[in-house]
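One-letter residues, chain by chain:
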Amino acid sequence: MMTKAAMKPLGGLALATLLAACAQQQQAAAPAARVYAVDLQGQAKNCTVPANVALSADRPAEATMSLDNDGGWCGIFVAQPGPKPFDYGTVRSRPANGRVLIRKVGDRTRVDYFPNAAFGGTDNFTVQLMPGGQELKVAVTVAYTPPPAPPAPPAHTPPARTPARRR
Amino acid sequence: MSKRTSPPRRRAHALLLGAALLSATSPALAVPRCATETDQSVFELEALKTELMVVATTCHMEDRYNAFVERYKPTLAQNGRAFGQYFTRVHGRTGQRQNDIFITELANARSNAARQLGSDFCPRNGGLFTEVMSLRGEADLAPYAAGKDLLSAGVTACEGAPAPRPARPAATRRASR
Chain A
1 MMTKAAMKPL
11 GGLALATLLA
21 ACAQQQQAAA
31 PAARVYAVDL
41 QGQAKNCTVP
51 ANVALSADRP
61 AEATMSLDND
71 GGWCGIFVAQ
81 PGPKPFDYGT
91 VRSRPANGRV
101 LIRKVGDRTR
111 VDYFPNAAFG
121 GTDNFTVQLM
131 PGGQELKVAV
141 TVAYTPPPAP
151 PAPPAHTPPA
161 RTPARRR
Chain B
1001 MSKRTSPPRR
1011 RAHALLLGAA
1021 LLSATSPALA
1031 VPRCATETDQ
1041 SVFELEALKT
1051 ELMVVATTCH
1061 MEDRYNAFVE
1071 RYKPTLAQNG
1081 RAFGQYFTRV
1091 HGRTGQRQND
1101 IFITELANAR
1111 SNAARQLGSD
1121 FCPRNGGLFT
1131 EVMSLRGEAD
1141 LAPYAAGKDL
1151 LSAGVTACEG
1161 APAPRPARPA
1171 ATRRASR
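Chains A and B, in that order, give the protein sequences. Each residue of the first sequence is one higher than the last, beginning at 1 in my numbering. Each residue of the second sequence is one higher than the last, beginning at 1001 in my numbering.
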């Protein structure tokens, strides 16, 4: 009975200390934005993009992207100082042979390009990021290796005539 | 007897040949896009509206959806008209029906996408409201929708439109009779 009574305030105190420590830790380092699994899936196996793109309000930034067309996306990360993601992005000029997806991934914004199926060649598009209105022009090179041709259909051999089939 | 078996075999070969030609020569596997930029934008904006509706109903964010509709009412109304006109132009008297079918399929496709995300859907896609409400103005709505890639899964923009399509080989046409 005595032990229980003595333990109660001590446990409450320990919990309060722990909570305070957690709150302090959260205040010290701003919590990183959540990254969702779906935003990490489906990347093209070979996707080469610049690690850092310097965006400028004065003139459009230019970036190159090269990827193998295996059905996956290839994305360029951009961010505001912090880093923190842009509020939103808009498509200023569409790619002729693919699609663009601008999405927040954690603390940054990622500009994804999906080449059309079976497309190989060059493509380009421009996006604008807000706030700030910085433009990013992306020149894309897509490598596509067509799958091996399907096997030829079996040679036509006329069925052997049998007496039973004769009229 | 051999005469009877020959035509189906020839048809099968023609089909194989046609399919091989089609896959080898055309970009038909690409996600279909509207013939004009204007029509493409109309479909993308309609898809964005549907996506936000799915987010609102799934995540109990009806108030945010209402705020979105209220803010962009003129643009959304104009887009809705253009969307209806597209189906009337392409499908004539059955335009309204085709319009309804497309909207239903679009909503189903977005709901399926939501289901695939499971518990991540609301925290992740709920952010769309924050984004869309931070646009500078109505002029940004269509370019914003263009960067959301909402027409790639399950539905295709301008489905049934007289968009330029690669010519099908004669063999395929004969075989399909």
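To be clear, the hints were calculated from the coordinates, so they are not data collected in a lab. Treat the hints loosely; a few may be bogus.
[Said to hold, decoys possible] Derived DEER-like restraints, expressed as beta-carbon distance ranges:
hint, chain 1, residue 1, chain 2, residue 2, range
1, B, Ile1101, A, Gly121, 32 to 38 angstroms
2, A, Thr64, B, Arg1071, 35 to 41 angstroms
3, A, Ala33, B, His1091, 29 to 35 angstroms
4, B, Arg1081, A, Ala155, 58 to 64 angstroms
5, B, Asp1120, A, Pro50, 25 to 31 angstroms
6, A, Pro154, B, Gly1095, 29 to 35 angstroms
7, A, Thr64, B, Gly1092, 42 to 48 angstroms
8, B, Thr1094, A, Gln43, 26 to 32 angstroms
9, B, Asp1120, A, Thr48, 27 to 33 angstroms
10, A, Thr145, B, Arg1097, 29 to 35 angstroms
11, B, Gln1096, A, Ala32, 27 to 33 angstroms
[To be verified] To give a feel for the contact side, a few chain B residues facing chain A, derived at Cβ under 8 angstroms:
hint, residue
12, Arg1097
13, Arg1115
14, Glu1131
15, Leu1135
[As the list claims (entries may be wrong)] Chain B stretches covered by chain A per the calculated footprint, using a threshold of three residues with CB under 8 angstroms from any CB of chain A:
hint, region
16, 1071 to 1084
17, 1118 to 1126
Just so you know, even glycine gets a beta-carbon here, dropped at the ideal spot from N, CA and C.
So, going through the hints one by one against the coordinates:
Taken as a hint, the range 32 to 38 angstroms holds for the pair Ile1101/B and Gly121/A, whose Cβ atoms sit roughly 35 angstroms apart. Taking 35 to 41 angstroms as the suggested C-beta distance range, the pair Thr64/A and Arg1071/B conforms, at roughly 37 angstroms. The supplied range of 29 to 35 angstroms is broken by Ala33/A and His1091/B, whose beta-carbon atoms lie about 44 angstroms from each other. The hinted range of 58 to 64 angstroms is satisfied by Arg1081/B and Ala155/A, whose Cβ atoms lie roughly 59 angstroms apart.
At about 29 angstroms, the CB distance of Asp1120/B to Pro50/A agrees with the hint of 25 to 31 angstroms. Our hint of 29 to 35 angstroms for Pro154/A and Gly1095/B is violated, since their Cβ atoms are close to 47 angstroms apart. Separated by about 47 angstroms at the C-beta atoms, Thr64/A and Gly1092/B satisfy the suggested range of 42 to 48 angstroms. For Thr1094/B paired with Gln43/A, a C-beta distance near 42 angstroms fails the hint of 26 to 32 angstroms.
At roughly 29 angstroms, the beta-carbon separation of Asp1120/B and Thr48/A lies within the given 27 to 33 angstroms, and the hint holds. Remark: the range hint 29 to 35 angstroms for Thr145/A to Arg1097/B is contradicted by a beta-carbon distance near 43 angstroms. The hinted range of 27 to 33 angstroms is not satisfied by Gln1096/B and Ala32/A, whose Cβ atoms lie roughly 49 angstroms apart. A least Cβ separation of about 29 angstroms between Arg1097/B and chain A goes past the 8 angstroms threshold, and the interface hint is therefore violated.
Given the 8 angstroms rule on beta carbons, the hint for Arg1115/B is violated: about 12 angstroms separates it from the nearest Cβ of chain A. Given the 8 angstroms rule on beta carbons, the hint for Glu1131/B holds: about 4 angstroms separates it from the nearest Cβ of chain A. For Leu1135/B, the shortest C-beta to C-beta distance to chain A is roughly 7 angstroms, which falls under 8 angstroms, so the interface hint holds. Counting residues of the region 1071 to 1084 of chain B whose CB lies closer than 8 angstroms to any CB of chain A gives 0, so the stated coverage by that chain is violated, three being the minimum.
Restraint check on the region 1118 to 1126 of chain B versus chain A: 3 residues with Cβ-Cβ distances below 8 angstroms, three needed, restraint holds.
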